[in-house]
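*Asks:* What follows is each chain in one-letter form.
Number of protein chains: 4
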Amino acid sequence: MSEIHEECGVLGIFAPGVQDVASTAYYALFALQHRGQESAGIVVNNDGVFRSYKDSGLVNDVFNARRLEKLGEGNMAIGHVRYSTTGGGGRENAQPIVVNHLKGNMALAHNGNLVNSYELRSELENEGSIFHTTTDTEVISYIITKERVKTHSIEKAVQAAMDRLKGAYSLVVMSPSKLIAVRDPHGFRPLCYGVREDGAYIIASESCALDAVGAKLVRDIEPGEMLVFTKDGITEDRTHCGKEKKTFCAFEFLYIARPDSVIDGKSVHEARKQAGAFLAQQYKIDADIVVGVPDSGLDAAFGYAQASGIPYGIGFIKNKYIGRTFIAPGQKAREDKVRIKLNVLRSAIEGKRVILVDDSIIRGTTCGRIVKLLRDAGAKEVHLLSSAPAFKNPCYYGTDIDSRENLIACHHTVEEIAKIFGADSLGYLDLSKVSLLTGGDGSGFCTACFDGNYPTEEPTMSDKSRFERLERPISENPKFQSQNESEE
Amino acid sequence: MSEIHEECGVLGIFAPGVQDVASTAYYALFALQHRGQESAGIVVNNDGVFRSYKDSGLVNDVFNARRLEKLGEGNMAIGHVRYSTTGGGGRENAQPIVVNHLKGNMALAHNGNLVNSYELRSELENEGSIFHTTTDTEVISYIITKERVKTHSIEKAVQAAMDRLKGAYSLVVMSPSKLIAVRDPHGFRPLCYGVREDGAYIIASESCALDAVGAKLVRDIEPGEMLVFTKDGITEDRTHCGKEKKTFCAFEFLYIARPDSVIDGKSVHEARKQAGAFLAQQYKIDADIVVGVPDSGLDAAFGYAQASGIPYGIGFIKNKYIGRTFIAPGQKAREDKVRIKLNVLRSAIEGKRVILVDDSIIRGTTCGRIVKLLRDAGAKEVHLLSSAPAFKNPCYYGTDIDSRENLIACHHTVEEIAKIFGADSLGYLDLSKVSLLTGGDGSGFCTACFDGNYPTEEPTMSDKSRFERLERPISENPKFQSQNESEE
Amino acid sequence: MSEIHEECGVLGIFAPGVQDVASTAYYALFALQHRGQESAGIVVNNDGVFRSYKDSGLVNDVFNARRLEKLGEGNMAIGHVRYSTTGGGGRENAQPIVVNHLKGNMALAHNGNLVNSYELRSELENEGSIFHTTTDTEVISYIITKERVKTHSIEKAVQAAMDRLKGAYSLVVMSPSKLIAVRDPHGFRPLCYGVREDGAYIIASESCALDAVGAKLVRDIEPGEMLVFTKDGITEDRTHCGKEKKTFCAFEFLYIARPDSVIDGKSVHEARKQAGAFLAQQYKIDADIVVGVPDSGLDAAFGYAQASGIPYGIGFIKNKYIGRTFIAPGQKAREDKVRIKLNVLRSAIEGKRVILVDDSIIRGTTCGRIVKLLRDAGAKEVHLLSSAPAFKNPCYYGTDIDSRENLIACHHTVEEIAKIFGADSLGYLDLSKVSLLTGGDGSGFCTACFDGNYPTEEPTMSDKSRFERLERPISENPKFQSQNESEE
Amino acid sequence: MSEIHEECGVLGIFAPGVQDVASTAYYALFALQHRGQESAGIVVNNDGVFRSYKDSGLVNDVFNARRLEKLGEGNMAIGHVRYSTTGGGGRENAQPIVVNHLKGNMALAHNGNLVNSYELRSELENEGSIFHTTTDTEVISYIITKERVKTHSIEKAVQAAMDRLKGAYSLVVMSPSKLIAVRDPHGFRPLCYGVREDGAYIIASESCALDAVGAKLVRDIEPGEMLVFTKDGITEDRTHCGKEKKTFCAFEFLYIARPDSVIDGKSVHEARKQAGAFLAQQYKIDADIVVGVPDSGLDAAFGYAQASGIPYGIGFIKNKYIGRTFIAPGQKAREDKVRIKLNVLRSAIEGKRVILVDDSIIRGTTCGRIVKLLRDAGAKEVHLLSSAPAFKNPCYYGTDIDSRENLIACHHTVEEIAKIFGADSLGYLDLSKVSLLTGGDGSGFCTACFDGNYPTEEPTMSDKSRFERLERPISENPKFQSQNESEE
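Residue numbers (the numbering used here), protein chains in the order written: chain A, 332 to 819; chain B, 332 to 819; chain C, 332 to 819; chain D, 332 to 819.
Any given hint could be a false lead.
Because identical chains cannot be distinguished in the list, a pair is counted as satisfied if it fits within a single copy or across any two copies.
Claimed, not checked - When the alpha-carbon atoms are kept at most 25 Å apart in a straight line, the in silico SDA-like pairs for lysine to any residue are as follows:
#, residue 1, residue 2
1, 668, 548
2, 577, 601
3, 434, 462
4, 481, 463
5, 547, 707
6, 668, 391
7, 651, 586
8, 481, 451
9, 597, 711
10, 711, 699
11, 401, 348
12, 574, 484
13, 481, 570
14, 703, 529
Because the hints were derived from the structure by calculation, they are not lab data. Keep in mind it's a predicted model, so treat the numbers as computed, not measured.
Bound-form chain A, shown alone (with noise of 0.2 Å):
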């Protein structure tokens, strides 16, 4: 029950021939529904006709089979979901972005954030270039657009821009006939792509995108990595490749992506089922049962419970009409929402020792409250433990973690914590874990919101603050303030 959100999901389709590629987007997006219910967006593109259509909301809602058919038939498509803090964003930052422009449309979706953003912005703006959203993907289409009127094509054009953002960005971009997909040389945030029985192919942020529309995972791009898919076959561009050391997310695999997906060759379900396998080896407990939170500490409680053959069982039930638009009126709200949210199985608790496991820890805020269900349940003991190691820094890539004034572990021992919480033992994974996880030899992760080892240079100053104005909630930036949302 993380208070992480991640930030976006990117989708690319092209297919052989003119096809319902919105319906197939829409599965798709579906499927990453779990990073971002912001907003939800898709471009169909036919034959170089555009039609797009986005909103605030999440893609069911954004999208009916009217809205669909208006979108009409494609031989390619991009869509997008997008996270975005209470209140902000809104409907105007919606992706994907579409560019109507005299050398071709360009259409863009964007994962992940750059840390030189503030820069490339002021430079654009000093320009008397206009900026209609506060989306890094903004500032992505004005670079490649400026490399376009340069050149002669748009992959060139996104070669080029290549070498001026800086930071996380897994990128979906379509042209009139081409449809690209970018990871930048870090390689931070996932992007995969697959092929379907028809010869469709499907870029997608997570394989779990394409198990929902039917199609067979091909390989992740590289990081770095540019590939080009049009009629004529998919190109391969690797000069970005190598540039830079790869860190991937550990979080990643922690807590965002869906267990059914495979990144990197391996299943997020097993590399949650080995955090509980680890947890194990660190902290044997004399325990009756081992629980997980549901829903994503539950791989977690699994592996721990194969580990250290402690029983697994079920210890809450999850109301599953619970949803992004519940309400929780009345003046004790919220505790009530996480009470109505989960209910412990009293007859699987009481007399118990239990070991409880969450995918992390933020602020802390429903940990306590989960840890006292148990104890009102008739739990007689209750050790905590996080699936992730305990979080001390902001990350700039993309995911959306708390500032440290919120993150409990900047302040707090694991004893006082775990007296906050009123929990018998707290224990979080260890860091030297984080990189095990995949079976790899412990490389190739980044974990800066852990331990602070920042892959990248650090936004400067003015670019930290910019950081912030970009991304607090806009109805509380001071310069900027619109309603344009959709909510009433």
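Mind docking chains B, C and D on chain A? Use the hints.
*Replies:* Structure of chains B, C and D alone, referenced to chain A:
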């Protein structure tokens, strides 16, 4: 992943003083949402002044903060969630029903189905009565009101009405100063009550609703019992107790109720694990892994694994954004819908002999697809087990089981069904085990949907046609068609 | 710019065969929209199968193309538009009422108010009847149904019911095979019928609805008359004709009806011009221009100008986007609302002595503001004339005139009112002229709201309180409060 | 009942202190609603913090109390109402445009059309600029921003931009501390300002918006003039005045503007009456009554009657519930729509020789139907007069006149048209009279739509195609199709 839908959930609150009973009702109804997703309603009673709101939709759709605020504070409230088949019912059939009458207001919420509603309704219509809905609840309201004008108290009227009503009814009735809970003498449907620390009494179809509002379960209302809550305390009227043999709906334990509910002192979760254990006794299969169909097959799968020693595994990831409003566009819509709802964890399944446990098999339309998902993910064998016996008969007591023509077990042998599904084998829970799930002596259950032994007289021929007329989606009802749904 | 609102408009269609009666009903109701803006409803009868839809809102809001399509084709239809005071009534009080009964379906639409509804309702409730609405229409439905179970035909039941109903009722009743139009013996409210080229009969409150669907007016239904339309033709039943003196609502001519309607052979527009001409006889004023308050004061202003020889002028421009949903935010909301609704044509008014004609003066809240608008635009004198006499009494027959405490003429002399409004003089149409507007002999009109001569017994004390209970906005009704409006 | 639609209305408020400028803007835009019904928007400036909201729909649909409240208080605001052809434009083209820039925020609202927007846009795109809309307004925003980064003040940037913009533009520009009103050197579109008692300045397309918020008209902004409102007062910049001959759109007087507006010191109502008087000079017809087509034909009909001595009459009753969202179901939809919108007052028309005055004749689709309505009501003769000359050319300056292929006067003689309409005679206002409507010397007007004398260079060939591309409904635009409308 059953295709069966329960009819209703009821709720009552009797608070020690005027308070925010609307929010309490909201949370409790939210916990009962699984019992009815068609409509929701709350009536608040503030010292005799009734304020009500009801509409088609989920609890969370029907009520927002403003709606609840407009219901205001009160010392009593009743609520209802309702299921009805697609297109039927709609807004005007939503409950609770409020009767504004010279004898005092009355509000009523009902779960169940009468077997003599045709007779009662005909009799009333022949006296010149006008019906606005096609529900049994309105019939019951009339019967109580007819008695009420003859007698001096609402509880006497309810008592007298019980002599006339045949079939299943768990009722909550609210007058200006009293709250009444009644269960029919057979006790077909659950009904229990609990008390909160502040002295408020909560009546609910299931105990999970008590948990959601912080109330402790006191006990079930007995079959035939009437409890009257007033400022002076609780009066227990057992006049109708023991008039009929108790025949509680077995399918409540097997599918309908939430696993965290406790009925007749027995955890529903444990009953389902027991079903899995019985299956392990019945079907000894040489396999590598036991997986359940999320969410309702998980408990029995867990029970099977524990009893058999075959490892329990997580086989499927359910897309948690699938909701009631999910649309499935495109031509291969239905098939896609299963795939997008459930994705197989290939790493857990590939190369394995799998035991797949589902809660029930009705039409069997999705079972075949799920078996295929496992095959596609590389399962070597798939053995399908149903934790309920085979369905062969309609239910007259409030569960909407499909007509015989659609029940696959009415037309095919077990072997044929296995073949249809593409499963290596198929097994059902033995009928004789059903009554033993809760550890009892094998009596006290209605199993008519499995064995055809109806504990009441069946509806007469005209009753049945009436039954059908009332139960069929109104949109297909030749006699009366209304469009007053809120659909779009 | 009257503050009076009429209660309802009714409609019936009897077509020669199955056709798109829903669209016809839609157009006809749209032409009757001025008689009720609170809710709208249509019931289509296709050979005995009734399909209905009704909701709060304007005709155009309640019905869209899809809604009408779902009502389907039919050989008969009835419809209704309803007014009710703010917040009251709402969705559940919308008409027509449909009664689904063993004796056959019945649908009913009503315009008017009974004076004995309290007695009838009490009697029914004491027999155990349940009411779902607070409308007289439901009382009438019950009375007819009670008679219906005793007799063999719907028309006999309606006949018998007429003996019990006292007050104002223009009714359209539809059974599976018959369409019935009835007007109470006093003939308080209008009701007429016409015929279209294809042989379809249209019954409507006003002839403007016939024009809208291309039907030619045949004649008014007579007071006390019942017409029965069947496949075999029209049956005229005059049993109740002549039982009471005709007392048609004078205010229908003065304000309620549309100017393009013809009632009793007299154009409403001409009657209003006549009112202006009478005012010119009564008040000979030395002025430069005659202007009317849009829209309903224009006819009388025109009549005054023609009769007096003083030039008619356009004095105000009405903002045509002002609709029922117009919101008036800000602190000076109400005042702003008049100003934004009406703007003075300064060039026409500046420096002039102005005769300002309005249709009626009830509370007088807006009159003062309009006079001020003229003054601000430079009018040298403003003489205000009301083309209706002064209102001093409530109406029990279906027009929602304010309570006496709010009627300005009950508390102030003409001179005082002129001073309050800031007018140089004020004049009302003489009461004696009202009955001469249509060129008759001065008999046949109900003028109770002006002179207190009620043509029926007044409601008894309890009747009146009942009346008030029923008529007051339900939201302020202490006995029963419902939120079931569709507002947001 | 013209088929012409004006493009836009603009608004600006400069208040003496922080106040509820959002509500003021709302009322003023509501008064300008006739200038654009497609979208509405308001930007509030509270000491440099901009809050904005805009969407498709009428002012009253886009803004509710909560929306206005969220805009908050401020010391400045600008607003816009926009027309665009069906299906086109939509949400993303709504104005005002807000530019968030290092040099300070800027918001901009525009009425008119550039003739060199293709060239400007191409130039900008070739520099790598990205466009989000298809509006001239975004082009203007860019041009100003490009100048802004070169200079020190927003007014200097606007000044410099004026050298580059060709065509029609009435602009309101808001920076953190300044409000700027600009009118192009030709003065094609109206723009005026007024002052309220509290010292607030209101800039608006028409003076009726000043009336609506209680402000007194000061004067029109001169062609080429720029007014800068700051805390220190108003600065008048006349650098561009007199650079071009004044050519104000004659059709503003004849149709577009509200009759209660005053432009160049002349009442629009009086100008239209004058048009009627000129028609009486041109066409001396022996007739019994003069009637106008509501609403915009009434003024000229009145003027004709006064000048000719033939009695003015009310010939039609307009259904006041007809709004933008009116649906016309059924097969004879379009025809029905005219009949339900306008009903003839038979008593006024029957047996009469009628002079029918309409504001203009474009396609002529409704004229024929209106003539037929009069004939059906018994008119003996119908003489149709148009208070505008015949339309023969497209407008490049912001009025959406149909393409030549649809202009009836391009394909038929006056006699043919009269015959098509079924009129006994037909007459147009003489072109020579247009420039005399306001009492001037016959100069100062653009009459290109009538005579083809365009006061600027016409768009070049590519300009024109660009023009067409931009002006055509986007849904039919082959290059770019977006669904981002809010319609359903």
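*Asks:* All the hints need checking, so say for each whether the structure fits it.
*Replies:* Each hint, compared with the structure:
Within a single copy, residue 668 and residue 548 get their C-alpha atoms only as close as 39 Å, which misses the 25 Å cut-off; across copies the closest is 20 Å, which meets it. Proximity of residue 577 to residue 601 under the C-alpha cut-off of 25 Å is restricted to the intra-copy arrangement: shortest distance 22 Å within a copy versus 48 Å between copies. Proximity of residue 434 and residue 462 under a CA criterion of 25 Å is satisfied in both settings, with 20 Å inside one chain copy and 12 Å between copies. When the C-alpha separation of residue 481 and residue 463 is checked against a cutoff of 25 Å, the pair qualifies both within a copy, at 23 Å, and between copies, at 21 Å.
Taking the closest pair of Cα atoms, residue 547 and residue 707 come within 25 Å of each other only across two copies (11 Å); inside a single copy the shortest separation is 47 Å, beyond that limit. In this homomeric assembly, residue 668 and residue 391 come within 25 Å of each other (Cα to Cα) both inside a single copy, at 24 Å, and across copies, at 13 Å. Within a single copy, residue 651 and residue 586 get their C-alpha atoms as close as 20 Å, and across copies as close as 15 Å, so both meet the 25 Å cut-off. Proximity of residue 481 to residue 451 under the C-alpha cut-off of 25 Å is found in both arrangements, the shortest distances being 18 Å within a copy and 19 Å between copies.
Taking identical chains as interchangeable, the C-alpha atoms of residue 597 and residue 711 lie at most 25 Å apart only when they sit on different chains, with a minimum of 22 Å there against 37 Å within one chain. Taking CA atoms no more than 25 Å apart as the test, residue 711 paired with residue 699 passes inside one copy only; the shortest distance there is 16 Å, against 44 Å between copies. Taking the shortest Cα distances, residue 401 and residue 348 sit within 25 Å of each other inside one copy (18 Å), while across copies they are farther apart (37 Å). For the identical chains of this complex, residue 574 and residue 484 are intra-copy neighbours only, at 23 Å inside a copy versus 44 Å across copies, given an alpha-carbon limit of 25 Å.
Only within a single protomer do residue 481 and residue 570 lie at most 25 Å apart by alpha-carbon distance; the minimum there is 19 Å, versus 38 Å between protomers. Taking CA atoms no more than 25 Å apart as the test, residue 703 paired with residue 529 passes between copies only; the shortest distance there is 20 Å, against 53 Å inside one copy.
Checked against the numbered hints listed earlier, the structure breaks none of them; every hint is satisfied.
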